[in-house]
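Line by line, the protein sequences are chains L and E. Under the working numbering, think of the first position of the first sequence as 14, with each following residue one higher. Under the working numbering, think of the first position of the second sequence as 85, with each following residue one higher.
Keep in mind that the hints were calculated from the coordinates and are not lab data. Hints are supplied without guarantee of correctness; some may be wrong.
What the hints assert, rightly or not - Taking lysine-lysine pairs in the BS3-like style, the calculated list, with each CA pair at most 30 Å apart, reads: (1) E:K126 - L:K84; (2) E:K140 - L:K16; (3) L:K70 - E:K86; (4) L:K68 - E:K182.
What you are looking at is a predicted structure, and each value in this text was computed from that prediction instead of being measured.
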Amino acid sequence: DVKVTQSSRYLVKRTGEKVFLECVQDMDHENMFWYRQDPGLGLRLIYFSYDVKMKEKGDIPEGYSVSREKKERFSLILESASTNQTSMYLCASSSGGTSGPDTGELFFGEGSRLTVL
Amino acid sequence: QKEVEQNSGPLSVPEGAIASLNCTYSDRVSQSFFWYRQYSGKSPELIMSIYSNGDKEDGRFTAQLNKASQYVSLLIRDSQPSDSATYLCALLRGGYQKVTFGTGTKLQVIP
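Based on the sequences and whatever the hints tell you, model everything.
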């Protein structure tokens, strides 16, 4: 089974803190994604990566950055957390990218619920 | 106009009935379409994918795609209380890795 593991299920941070959300997948997938999910707004793509050290902005990249130093790991960074970044963050992976066609089948981690006070 | 639009619901159906979930999209370039199911407090999981016009059946689930009218639907036959969840419509545009989701339709199956 594909496994996408997010490092923290629940985090509480203060405004201005730097926040790291880690995601690891074990299926050798090329593509990795960070979404946030908010009531009424659905899943919105923050950033994605189709290869090591490659990244592309999604629909709402402002206030976020990412890092992909190894194929299996994709990190989301909030440089200075703000209250409007309180949300559920979902990491996902899929096959394709530079090595083949994209299937569009995403495998999600369990999510990280971040509260910024 | 949103790229993917769904009625948020809730859609309530009695147990054993057919649940019909609909989705429209705005970009004619979209090539691949998906239905994800998300139980409360859980992550989305893929239940159906469809790439060409027509129907695709998998057990109690049937996905329907009409590219000319730009809509995708999901039919759930013999609905069960365990089908109660939010159903997310998603699409993948050709040449891009980005999957775009609708806001989801909440389905409630009443015993």
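Output the indices of the hints that this structure fails to meet, ascending.
Structure breaks no hint.
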